[in-house]
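Start from the sequences, fold in the hints, and give me the full structure.
Number of protein chains: 2
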Amino acid sequence: MKLYNWSIAPNPKRVRMYLAEKGIEVEREEAAEPGKPVLKPDYLKKFSHRRVPLLELDDGTTIGEAMAICRYFETLHPDPPLMGIDAIDNAIVEMWERISEAEGMFVVAEVFRNSKRSFAGRALPGYVEPIEQIPELVERGKLRMDQYYVKINGQLAGRDFITGARFTVADITAFCVIEFARFCELDIPETCTEVARWFDAVAARPSAKA
Amino acid sequence: MKLYNWSIAPNPKRVRMYLAEKGIEVEREEAAEPGKPVLKPDYLKKFSHRRVPLLELDDGTTIGEAMAICRYFETLHPDPPLMGIDAIDNAIVEMWERISEAEGMFVVAEVFRNSKRSFAGRALPGYVEPIEQIPELVERGKLRMDQYYVKINGQLAGRDFITGARFTVADITAFCVIEFARFCELDIPETCTEVARWFDAVAARPSAKA
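Going down the list, the protein sequences come from chains X and V.
Residues 1463 to 1672 (my numbering) are what the first sequence spells out, left to right.
Residues 1463 to 1672 (my numbering) are what the second sequence spells out, left to right.
The set of hints was computed from the structure by calculation and includes no laboratory data.
Here the structure is a predicted model, which is why all the values come from computation and not from measurement.
Each hint should be verified, as a subset may be incorrect.
Identical copies go unnamed one by one, so any copy, or any two together, can satisfy a pair.
To be verified - The list that follows gives simulated cross-link-like pairs (lysine-lysine, DSSO-like), each with its CA atoms no further than 27 Å apart:
no.: 1; residue 1: Lys1484; residue 2: Lys1498
no.: 2; residue 1: Lys1578; residue 2: Lys1502
no.: 3; residue 1: Lys1604; residue 2: Lys1507
no.: 4; residue 1: Lys1578; residue 2: Lys1604
So this is what it looks like as structure tokens:
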């Protein structure tokens, strides 16, 4: 089994944090060119998924998408549970994880990839054809990110973690979103004190360095 | 328990198809204004999620996001399994379902909402602030949709359904994507014969009319 990784990218970090919380060790291989913001040609040739992370099983099966990889391990190693403990919890964790992916991760990525010169023609990951940058998406992304922060702040009021008393994948994705956002100078607004409190608590977990 | 629905929208259809495949009946309420492409003010006031579908449980818990609602029912009613049967299958179903959401559903919605005059200022669902239309996203969306069709066509070669011999939520989301795409005149390319064969087979299932 091998996890194809890109050490500086936010989506592989979701899987690395998950594995660290579970105490699972998986062999890793860096899929990106050293020192360049591109995936290796051999990697792109071998895997039509054209993204990271990617988990390759010993029988050759490949699993892409960060949460699908986590789902694989969650089924095999249910403790500690990171994707819910019963019907309602499973649903609430999935809801908030997906909100952080769609309204957080995709938004920060949109700001990043539409503003950096090194991503010209690659404004979205995984495509074969060039995807040109659209500068309007940068300003729109800042507005969307503000609303994401406000939404997460409201959800965190009265809760240790995003879905309640337990740390879950909803916290992992939100943490990776906000770490990436801060890298892109989309900092936590001063009014979002719940987010700041929660972010510091998650950053103190050993898995945050994974 | 009540499912807030919008009968003409693609995301509530994912849940309706799922429930029909399971044989589960849930009380429904239409959340949209009759004959208008907007959610009712009372609905938006009551639920900060500001989207459909939304499942409201008897204890007041609300679950948004189509696949999170399906996950709730999958835990309570595992048969027939629609989200996988073992670790690898769970992961592969989740991978392809998420690909169809991110590279299919969000793309068709982008083309639709950035081109229709009735969605001016509402280019994305669920936001409080106006989200202005960006015309470049329409052309880009057509290119992305072409690549989505090619990807699904490749995956379907040699398989009855997207992840293999069994019908799953990966088929449900892909079917709702393509039904919505056809409504937006983003038809299945003639070269994508596997998609056409599969689409006709899924359309013949009673759940496709849900």
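Can you list which hints this structure breaks, lowest number first? Hint check: 1 fails alone, others pass.
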